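Every number in the numbering used here is 606 more than the matching position in the sequence shown, counting from 1.
Under the rule of at most 25 Å between Cα atoms (straight-line distance), these lysine to any residue pairs were calculated in the SDA-like manner: (1) Lys976 / Glu1138; (2) Lys806 / Ala825; (3) Lys745 / Asp818; (4) Lys806 / Asp763; (5) Lys976 / Pro943; (6) Lys1157 / Glu1134; (7) Lys609 / Leu689; (8) Lys1123 / Gly1133; (9) Lys609 / Glu637.
Okay, the calculated beta carbon distance ranges per label pair: (10) Ser946 / Asp1161: 32 to 38 Å; (11) Pro651 / Asp727: 18 to 24 Å; (12) Ala906 / Lys806: 53 to 59 Å; (13) Ser1236 / Ser1314: 48 to 54 Å.
Treat the hints as calculated values from the structure; they're not laboratory data. Being a predicted model, the structure only gives us computed values, none of them experimental. Virtual Cβ for every residue (Gly too), placed ideally from N, Cα, C.
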Amino acid sequence: MAKVLEWIDVEKGQVLFRQGDAADAMYVVQEGMLQAFAAKEKCAPTMVGQMGPGSLVGEIALLMGGRRNATVVAGEKTRLARLKAKDVEAIVAQNPEIRRGILDVVRQRLRRMQWLKILSDYFGEIDREKYEFIESRFKWVHVNRGETLFSKGDAADSLYFLVHGFLHVVSEDALGEARTVGAIFRGEIVGEMAILSGEKRTATVCAVRDSDLVRLTKADFEEISTSYPGVSLMILRILVNRLKEHDRTPRRSGAVNIALVPADPQVPLAEFSQRLNAALSISDRAVLLNSGTLAAEFPANAGMAQAADDDPLQLGLVAWLEDLESSHDFVLYEADPEASPWTLRCIKQADQVLIVARAGDDPAASRIEKEWLTENTGITASAQTLVLIHPDGGRLPSGTMAWLSARRLAGHQHLRWDCEADFVRLARIVSRRSVGLVLGGGGARGMAHLGVLRALEERGIPVDLVGGASIGAIIGGGVAMGMDSDRLTILCKETFQKNNPFNDYAVPIVSLLRSRKIDRAARRAYGEARIEDLWLSFFCVSSNLSSCGVKVHVDGSVWAAVRTSSSLPGIMVPILHDGAVHVDGGVMNNLPGDIMRRHAGIVITVDVDSRENMSCEFTEFPSPGKIFWSRVLPWKKAIPTPNVAEIMMATIMTGCRKSADAVKEDADLSLEPPVQGIGILDFKTIEKTAQMGYEYTLGIIDGLPDDSPLRRFFI
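Model the full assembly from the supplied sequences, consistent with the hints where possible.
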C-alpha cells in the first residue's frame, strides 16, 4: 500500500469531493478533520458526519463502484493519504480479506457516529473529555434478529440506548397470550426503570432485526453522577419525562425499514411502492429501493442486489444500506416478483412486512410467504400486514377471512386503487401516525357522535381506525363501512325514528323489550357485512357476564357484533356467544380508548356520558300506580321520576367512569359534547343532538394549539 499512497493537503473550507461524483479514490485522515454534508431535493445540505485522524473516507462508494452520497469539506487544514480506485481494486483482488476488514471498520465508525449523535441529541454539545468518560462507562451489546434482550421477571440493573436496529416490547394479555405493546426505535431508551427502581423487568424486549445497543449499569450511572452531576441530572430528567410523557407519537430518530412483498407475481407492486413512497414523503424522509434502483446506483456492480450472502459485495451493500438508513425516516424495500436473493434481503432488513395482494386473486399463501414468512423459518421477526388492493370502492370487500386464515398476520388493510387518500391512510398506519376514533356509549346522547364526525370531516381530520361501545359501536360500524356523517344521520333517523325498535315490549322476565325489531333494524343497517371486510379497521366491545370480562369483536358479522355491544341489560335481550351471556359493552368498558391505544398513533375519544346527578324531590319513590296515573290523566301533574332505562344506564355509567377518566387522560384529544338533559331513549331530537356535537367539536378543534398533531390535517 505504501508504494501507491499519495499524500495530499486540503485547506480549511476546500471541497474534497461532491455528492454525486464518481468514486475514484478513498482516503485516510492523518491530521485535521473533514465534514460530510448531504442534501436532498429542495433541501439545504446538512452535516451528517465528521472524520478525524485515522478515519476512512469515501470507501463504501469506491468498494461498491457507485457515486458519492455526500459532499466532503475540510473543517480545518487536513492531511490525507489517497488511494486511487485502480490501486484499491488491485490490493483487494490480491487480499480479499482486506475488503472485509475495511467494511468492519466502516460499520464500527457508523455505530460510533450514530452513538455520538444520540448523545448530542440527549445532552447537547459535550467536550471530548466528557464524551470519552461517558462512552467508557457504556458497554456495547449486540442482539440478533429474534433474540431477547431481556425477559419479564429478569433482574433489572441497567438501561440501554438503541443505536441501530428495531425492538419490540412484548407483554402477556389477560389470557396469557404474548402481545406486542410497544416499539423501540433507534435513539430511544429501553429498560430505564432499572435506574430508578431496580425492580424486576415488567415486559420482554426482543429484536425484530439485528440490533446494536449501549448498556449503562446502575453502578456506572452512579460513577457518572459523581464525576459529572449535570449529566446524571440530565439522564434523570429524561427518565422522569418518559414516565409522565403524554405524547404517544414515537420519538423516532432512525429509519423504519418496510419490506413490500407481492402475494402474486402479477401484483402491480412497482406502482404500489411508488405511490406509498410518495405518501410517506409528504411528512417524512422516505426512499424506495429495488433491485433495479441498485443496478442504476452501482452500474459497475449491476448484479449486487442478487449476490449471495458469502459474496464480498454483500458486505459493501449492508454497509451502504445502513448508511442510507441513517439519513432517512423510512426505507421501502420493494421485493422482486419472485423469490430471489434480493427478496430475501428485503425481508431480512424489514421492521415491517407488507404483503401486497389483489383482492380477487387466489388467497392461498405464495411460495415466498411459505418459505420465508412463516413463523418457523426464523428469517424475520417483523410484524406482517396484508394489504388487499381493490379496483375501486364500488362495493364492500368480501372473502377477507380466507386471506387471513392462510397467514400469520398482525393486521390487514383494504386499499382502493383509485383512491389516493387510501395510500395516505396506509402511510399513516405504517408510520404509526394513524388516527383512531373511539365512540362511547350513552343511548340517544350518542347522536352527538354524528355532529363530531361532521366537524372532523369539515376540518379534514381523517379517521383511520374506529372503535366503540353501545351506541358508539352502532355509529362506528357505519363509519368503518365508509358512510359519512350525512348518510349516518339518515340511517339513524330511519332506524330510531321511522322504525322505532324500542316499542317492541315483552313480558319483563329477561328484558323489557323483545329482540325481533332490534335484530331486524341491525340487519337492515349493515346487511351481511363482516368486520374484516370493512374499509376501515373496526372493533367494538361487549361485556361477557359469564367470564366477567370484556369481549373485543374484531371479526364476524357486523350487525351481530354491534347488536351485542348495544344490548342494554334489563332492557334488551342478552346475546349468547358459545353459551356465554353477553350484554352492552358499556357495562365494563364504555369508552374503549385503551384498546385503541394499542393500534393507533393518535387517539380521539368521544364521551357522551352526561354525568348528570340523579335526584328526586321526595323522600321515597311513589307507588308505580301513582306514577302511571300522573302521566296518563291530563289533569294530573306528572311525577318526575327516572324510568327503568335511565336507572339502568346510570348504573352502567357509574360503574365504568373511573376507567373512562383514565382513557380520556391518555387520549390525544378528548371530546365531551354537552349532552345534559337528553334522555337515554330520546331519539326524537337526533338533529338537535347532532348539531350540539358539531358546534362543540368545531370549537374544540379550532382552538387546538399550533403544535397539535391534528392541525397538520386541517383543510
